Every structure is written in C-alpha cells, then in structure tokens.
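K.L.:
Residue strings, one per chain:
2 protein chains.
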Amino acid sequence: MINKFCKKPLYECTMKLARVATGAEKADLVIKNSRLINVCTHEIMENISVAITEGRIALVGDAEHCIGENTTVIDAENKYLAPAFMDGHIHIESSMLSVGEYAKAVVAHGTSGVFIDPHEICNVLGLDGVNYMMEDAKRTPLKTMLTTPSCVPAVGGFEDTGAKIDPADVALTMDYDCCVGLGEMMNFPGILGANPHTHGIVAETLKAGKIPTGHYSLPETGPGLNAYIASGLRCCHESTRAEDAIAKMRLGMYAMLREGSAWHDLHEVAKAVTERKVDSRFACLVSDDTHPNTLMRHGHIDHIVRRAIEEGIDPVTAIQMVTINVAQCFQLDHEMGSVAPSKCADLVLMDDLNACHVTDVFIDGEYVAKDGKLLIEFAPYTYSEKATHSVHLDPLAPADFKIPCEGESAKVHTIEVIPGRVGTFDKVVTLPVQEGGIAADSEQDILKVAVFERHKRTGTVGRGFVKGFGIKRGALAQTVAHDAHNLLVAGSNDEDMALAANTLIECGGGLVAVLDGKVLSVVPLPIAGLMSDRPIEEMSAAIENMEHTWKEMGSTLPSPFMTMALIPLACLPETRLTNRGMVDCRTFSFMELIAE
Amino acid sequence: MINKFCKKPLYECTMKLARVATGAEKADLVIKNSRLINVCTHEIMENISVAITEGRIALVGDAEHCIGENTTVIDAENKYLAPAFMDGHIHIESSMLSVGEYAKAVVAHGTSGVFIDPHEICNVLGLDGVNYMMEDAKRTPLKTMLTTPSCVPAVGGFEDTGAKIDPADVALTMDYDCCVGLGEMMNFPGILGANPHTHGIVAETLKAGKIPTGHYSLPETGPGLNAYIASGLRCCHESTRAEDAIAKMRLGMYAMLREGSAWHDLHEVAKAVTERKVDSRFACLVSDDTHPNTLMRHGHIDHIVRRAIEEGIDPVTAIQMVTINVAQCFQLDHEMGSVAPSKCADLVLMDDLNACHVTDVFIDGEYVAKDGKLLIEFAPYTYSEKATHSVHLDPLAPADFKIPCEGESAKVHTIEVIPGRVGTFDKVVTLPVQEGGIAADSEQDILKVAVFERHKRTGTVGRGFVKGFGIKRGALAQTVAHDAHNLLVAGSNDEDMALAANTLIECGGGLVAVLDGKVLSVVPLPIAGLMSDRPIEEMSAAIENMEHTWKEMGSTLPSPFMTMALIPLACLPETRLTNRGMVDCRTFSFMELIAE
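Protein chains in written order, with my numbering: chain A, 1 to 596; chain B, 1 to 596.
Among the clues, some could well be false.
[Said to hold, decoys possible] With a Cα cut of at most 20 angstroms, we get these calculated SDA-like pairs of lysine to any residue:
| hint | chain 1 | residue 1 | chain 2 | residue 2 |
| --- | --- | --- | --- | --- |
| 1 | B | 16 | A | 16 |
| 2 | A | 207 | B | 178 |
| 3 | B | 8 | A | 200 |
| 4 | A | 16 | B | 200 |
| 5 | A | 271 | B | 42 |
| 6 | A | 207 | B | 174 |
| 7 | A | 207 | B | 7 |
| 8 | A | 32 | A | 75 |
Calculated directly from the structure, the hints in this document are not laboratory data. Source: prediction; values computed, not measured.
All chains should be modelled from the sequences, with the hints used to inform the complete structure.
P.N.:
The following block contains the structure:
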C-alpha cells in the first residue's frame, strides 16, 4: 500500500535522501546523542544520531557529515529515541473531542498515528460524517488512517440509524487516499454464518488490497475463531483473557491488547506475552476508546506502554507493540514504525523508558511537541451544518413520555443494569399507574426511559423502565447512546425528561442532567451529537462537572454515563430498549413492555 | 499487494472457508496428527490438524468436524508441519534449467515459492525473455514471483547486450500480475550518486506499491548503506560478514543470508543472529544461485535451513527465515508464509527437524511431492524461436581469432585469474608472434581469449589473453559469460577456438570443450544460450562430464566454468575483456592490449 500520510511520497525524494545520507547535501534536522530503541532488532543502541530531510530519515548512526549551516541540530542529551507511537484501533468519537482537539491532546504524548474506525459518526451521518472527520484530520500533524466502518447499523432490524453501509460503500471508500482498511467487523455471527452481505463488505476490502480489521469477542477459539480469521480479518482487540490473545497470535492474527478508559484488559491479556516465551510480533497495544479525563490524567499510548511495562512486558517489546508491529499489521512498515532510513521521521524522545515519559515529539521531521506542550498551530476546522444540526426532532412535551395504562398498577419488564458490567437483567416489577400512565418508582430505584429516533423524523419512540441508577428525582439525557445514537432520556418524571430532551434538541446533542425543572449540568456535543470542538481541558472539566452532578443526584454506578449509553445496544444481554421498543437480546426478538 | 499466486483470491472464497471451519461444509483435505512449527509465535505445538479447502487453510487445531465422506485425510504421524519454504532471491538461469525443470527439482525439497530476478535472460532477450520464463512458470506448482531486472545492462558503456531496461520498462512490468517488485539494484554507485535514471527505476517500483530489492556489496555500513536504504531498497543478499548483515537489520533492511552454490556466506553471516540476542524478523535465508549439482546432491532451501541449524541458528528461527520473514519482506504475509487460517495451503511435513528432512509437500492444498518424488505432472512448455535461436553469429573461421602483430614477439596485458576468487590481476607478459599473429603460450599458462557480440550482429569482437587456467591445448567456449552473455572463447590455437565457437553457434549456445579438432564435451543451453529444457539429472550429468573434461585438459581451477564466465564482467577488478575490448576496471576505461 502506498502511504499517503507522509509529507512527500518516497519515490519523489529518494535522490535527496541519498544525497543527504552521503553528505552531498545537508540535512534539515539532525537529532544527535540519543539512545536508540531499535525496534527492528530489539536492541538499545548508544550514541545514535538521526539525519532528516523531506520529512524522512536519511541516516541513522553518525550524522556529523550531514550537518550544514542551515541544519537544525538538537542534542538529545542521551535521552531514548524511539519511533513515535501508533494506536492500531481507536474510535475518536468516544473522546467526545473533534479530531483536531483529539490530535492536540495525543500528539504531545508521543502519538503520531491512529487507525480510526469512525463508526459512531457514520451511524449518524453516513460517509458524509466520515468525510468530515477525515477533513478535520488533514490539518493536523496526527496521521489519521481510516478504517471504513463495517457495521452500520451495528444490529440491523432492531433500531433506526442515520445511515447504513453496504459493500458498495466500502468499495467506494477503498479508493480514498486516507483509507487503509476496514473497521472492526463486529458482525462475527454474519462471518461465521457465511452471510453474503457481511462477507461482501470484507471482500471489497480484500479486493482493494487493504486490511480488514476484526472484533471477535467470543471465548471460543476453535472453529469460530478459525472461521473468522479464515475470512480475512487480520487483527482483533476484543481479547479479555490471555488464552484468547495467544490463540489469535498462534493463528496469525494480530492480537491488539487493549487498555481503554472503559476496558482494562491489559492486566489479563499481557500474560499472553509475559507467561510464554513467544515471538511477540503479532501483538499490539491499543486504546479502542479514551475519555478526555484519561487523556488528561494518564495520557494515550504512552500510558498504555507504561501499563504494559507494569504488567511485566519488556520495555523494548512494549515499544515494538506500538510501532513496528502496528505498521506490519497494516503493511505500512515500509513507511512507518521504525527509526530507519527512508521512513517518515516520526520520532519521540523519552527521558525515562520504564515510565515511558515522552519529552519531545517529531512528526514528518517537524518538531511538534515538547514537554507535553504542542509547538505548532493548525487552522481551525468548521464542521458543516449537516454535522452540527444532527438532532432532527421537534421540541417534546411531557405527554410524549407517557406510557398509557389503565388500572392502578402494572407488571412490566424492566432493564436492570449491573454496576461496572455491560450486561443487564430482565426483571419483572410492579409499578404504579398515575394519571393514566405507568410511572417511575424511586422506592424500587426505577426510572422511566425513552429512546427517540432523531435522524430521519420517523417519529418512532421506544419507552420502558430501567432499574439500578440510584437516582431518586430528575432526568438524564444523551445522544451518544450506542450504536444508533438516538436521543435517550431517563428520569423520574415526564416534565424533567421533556426538559432534558429539549435541552439537547436545542444544543444539537450531548449530555444533560435536570432536576425539578432546572438544568443542572450540560455537555453540548454539537458534532453529530457525539463530539465537541472545544478544547480537551474544557471538555474534561465539563464532564467532571456532569459526573459530579450525577453523583449529587444519587447515582451509585461507577460509570453511569457509559452504563446509560449501552441501554439501546441490542447486541448485549439480556434486554435493551431502542427507538423501536424493548428487545429481548436472548432471542433477538421484540418484547412487550407489559409482562403477562 | 493482492496475491495472484494462489489458486483463488481470498475474497472469492471467504464464505466457503468460514463454512468449512465451522463444519457446515467439509474440507477437501485434512492433515492430522502433526507437530506444528508455529512461525507466528515461534512455538512447536503438538497434535495439530489443518483443514483445507479452495487451496487455502480453513482451520488449524482440531479438525475432526471438518472431515466428511469426500475429505482426503492424511495422517502426519507426528511429523513436523511447517509452511513450505520460499527463496527470497534467486536467479533461475544459474541452474541452467528451464523454469519447469527447476520447479521439478526444488518443489520436492519443500520449496513452494521463489522470488526470481531473471536478469540473465533479460540481458539476452529483454522483457520478452522475462515473459517466456514467467509463462513457463505458470504451468508449474512453484509460485514464481517476478522481481523485474533493474540493471540491464549491468555495466553500461563497456559491452553490448541484447536489451536494456529503462524506468518505463519497469513501470510496464509493475502491472504484471506476477510482478511483486524490482530485482536486485546492483548499481549502488548510481543510487549513492543520485543518478536520475537509477533512481527512476526504483521510483517506478515504489509508485506501484511494490518492493525494490537490493544488492549492496560494499563493506561500508555508514553513509553509503544509509543512502542506499533511504532510497527504498528493502533487502540485500550481499552481506559476507556478520557485521554487514546486522548493520542492515538494524537499519530496517531485510538481510538475506546467502548460501548459494558459488557463495558460501552462511558460516560468517549466521553470526549476526547467533552471536547476538536480537529480534531476527529482518533475516531471511536465500540461495541467490544454485547449480544443478547442488540441487541434486544437497537440495534447495531445505539444505540452507540445515546449514543454518549447523551454524547454530535455532531450528524454528531458521524456518521463520524462509517462511514468514520472507513473506513480510514482500508484504505477502497475508497470503503466504504461515500455517494459519486464510493463508494458501503451502505446507511441508518433515520427519527430522534438525536435518530439515522434507517428506511431503503441499502447494495450494495439492499434494505435490512425497519422499523426494513429484506426485504431479504438468504440461510441457516450448520456448519460442526467439529464445532458442539467440546466438546471432555466422560461422567463424580460425582467422577471426587472429590478433595481427609484426615482429617475433609482443608485450601484452594479460588477465590473470585467481583460483576461487572473482578478482583478476593485470599482468604484462611477452608472447610469441606466429604467422603474423600473437599466439597463446602454454609455457606461461596463457590462453588466447575472444568475446563475440552475439545479439545484434554488430560484428564487434574483443580479443586478448588470459593466464592461469592450466590448460595446455585445446579450447573452451560458453555463452553464459556474464552479464552480456556474449560468446566467450578461450584456447591454445585458432582452429580449436573456431570449432568450439561454431559448435555453440550451431546448438544455440551452451558450454563446450574442444581438443585437437574434436569436440570432447558439450552442454547445449538452447534457451537464450543460458538454460536447457532437459531434466536436472541429465543436466547434472552433462555438467559433471564437462568438469571432468576440463580437468583432463589440465584445468587446475576449483570452479573453471564460473571463473571463465566472469572474464567479461566489467564491474570486477582489475582487468576484463568484453566484446568491445580490454577494460581497465580500476579506472573504468578501455585499455590497449599491447603494453607500451
């Protein structure tokens, strides 16, 4: 695959590189006196200099002869020099930041490249949304490699999204310069069952010579995993046990060991490498998702490398897992992922290897960050009207939340959430009927919940009940709710629920908390109802404020926002609520709210 | 890069593979009860079965559920199962066998794939010659990956070849299905000196997203090697010292450790891996050239793996060096080089790992060889008239060999060969003049030598003298002589020389030995004057007979044929003779035969 992510294609600058390496011309930049983390041979080499021109490495070794009067010389003062880091699987939307703000946040931590699967925005806005994000990315130094969303909608037939992706759409995107492959193929039942549409999506990727990426979350590593890998899926970040990760590596699949904000898999999956003396070339470290607070407090890939070292992975091996191994997974190793002649000069300096403490970052030979601060600026990007006006709903009234019922009480199925887990229980409870509608009941810790389709004005709405949030009074709403990103509202009374919903309809989506007719906290996410173009510091503070509000309202969940966001995700057990109604995820069928 | 070398593209058979892996359909072939050499994780795994359909691997592990009534089941009886071997750099012409006969010879030794650089035939017949060889290859099970010859002629301006290769030719071949990259870029001075034509040839390869392969034979691993690698050359088989090989690996270049018939580098270069605890993913094992006798007596890649193990390389590491590492070098690892689902079912069984003794070979799931015998047949291929009539010379007379001179003796520059070495010395000697011409002199071990241009009837001929063959009487001739493959004749008298030349003109090229007006031995090489379509057994016997004849004629050289073949190769020190005359390779200028 020809890399479109460097300053200049290699074929346009080989003569210049050769002349600089021999000293016939002089380098733009020389970084000298470093300790090189050599990811090619797994060695640490002393007293290494690197000569750079055209954004690429011309020479590694002794570069004195490459220095001219116009050469910038940086003394690394014996710091560690490594390839800059790459995240092999990330959804930028989960950071709630625009690509530009995300780039600002991660580049200073040493990240030069991310392989993104923008399936959230794609569910809302289709390929237009993907294109907006890629346009946003272009201005930044962060190399943003697109893997085209493969599963839009995630679970067809149970909810309404803003768009869908067919094999023809995938084929179209494979011609994009920025596209390197296919995003995580979550529909493993479709792969294992030889569904032609699902296989068609993979086939279009393979035809283009690009990389289909995977998502295989079953604990079954026999026929199922083999069938999945045989279908061309090259990597997977869904291992939660060491035996899953090693099974994948043995079958030639890149095991992307995950340490995200919500998923702390590394403690377990690192054992795939630490407890066996295996060749680790098929292991990578990825984040999958990172919330602004994690980025602010802990960092990005640097944090995950640090975590890997804490789990006993050799530091040089850990660096390989975020550099050359990722590059080889995507067959971009001729351009990225090592400190070697001809490669893009994407480099970090670290003053502490075990702490993976990045002090200086270079991308395409440009000095982009120092001591955690960005050294460069880039032009602002304005998302189009289509992106910033994606909540297509008229204002709602309290009556829109009513669940009509006769009598004095009703037996209903309620969705009981499990603290810190993605699953739910189906629980039948008796709720009071007030003014002709079934009401929430704080005594039983039960809130009313509603999902409004917000993309195409179908007018569809699902209503039900949820148990276990710990909130006695008020309402919460959000447009992030996975994977259709419809408007999800939960609350104790219809008035607060309507206010919460209308606040988000007004601001183009986001998160909100309401109590007794007052908006206590709001995080606007005007880009597709998923992201904001505000800086990470502001977003992090706003989200902390929101979490604080939830706690004050009585929430007892460790991650109430995420738990809430999963209520409509109809691929998880046991029951869910989408804009089309209650779904029994054990049988994949719709169910009645009222229990017999 | 999409692989065109498998039975069926992956995108056409993922559904079938998934169904076989899950057992919904049954496999064509199951190999069970093997010990898997897992090149992905560097492990040996017990009791492994492999299920195969569509020529690809559907499942690795327990395959009982993949067996149906039409499934062929092979019990590996606890033999070692490994990916079949690949030779990352080979010139088939040096075997003197056609591609078909070469394939027959190597497949039974476990070779499933070769990355060929057909620059010999290209010097004679241009891209037509390359195309003939690729057509020949198509019928065989051997996956023959073309790297387009980059240096035709090898040394421009000093000799006449049948063809030349420009950047436009390279660009043309990059569209070939069979082309994976560029052949060894021997013109490292052109790369280091930023020559636009040389860089243009590499650039056309890079533009096509294919792999430029290298040839960097300098001991300098600083600015020169960096410049060479910075120019995009991804691998090199020219290391003769461990420090050269490790320097290349550290700079992200694949070090192809060579053990050819003429070049026994492994004893030294293996130390790059054995004496350091480095990651060996950038090391491969290659043959570069193999004579029929080596193939008959020792084998092909199996022999080199055995040699690597003898040199102390771990057996599984050695197998990695001829499987997954080669595949990753050429970015074909998604298709070849590991025993993993989706990959081509190119497999070997071995009953002894340390001896690398291959008993069974499968290519694209077809059982192609057992116990050293081919199990399949393939259609014969007939090379075109252009290939089989490539010696464009009218019969020669003794007078054509005359070097006119007055007087009784002459002081001339003679080329003194060095036993077992590629270099020569420039030596000034006094030779008798007989019948108006300078004569050979057996007292001084000096033969007359002549090079006739044989491609385009330019009528050019170079004449001179060579010292050190030990042959008192008679003549030798050959059309293999590197790299222009003109007609080279050496002898004690003009009559025998004319007979030797005319014998080869008559049979379309080859090797011949003549004594006292009689042809003692001849090896016809009618394909481009380089190769024969006769079986390896016949060729090996013919060459042994020729070597025996040389010895009987008095030759004292360890490898007289190769030493003779290098007489015209004007890139080696000190002096050479081409069809244009004597070349002083110290100054790269023509020189007079008569010494001042």
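K.L.:
Each of the hints needs a verdict: does it hold here or not?
P.N.:
Hint check:
1. B/16 with A/16: violated (49 angstroms)
2. A/207 with B/178: holds (16 angstroms)
3. B/8 with A/200: Holds, because 16 angstroms separates the two Cα atoms, which is no more than 20 angstroms.
4. A/16 with B/200: holds (13 angstroms)
5. A/271 with B/42: With a Cα-Cα distance of about 16 angstroms, the restraint between residue 271 of chain A and residue 42 of chain B holds, given a limit of 20 angstroms.
6. A/207 with B/174: Measuring from Cα to Cα gives roughly 18 angstroms; hence the hint holds.
7. A/207 with B/7: holds (15 angstroms)
8. A/32 with A/75: Roughly 5 angstroms between the alpha carbons, so the hint for residue 32 of chain A and residue 75 of chain A holds.
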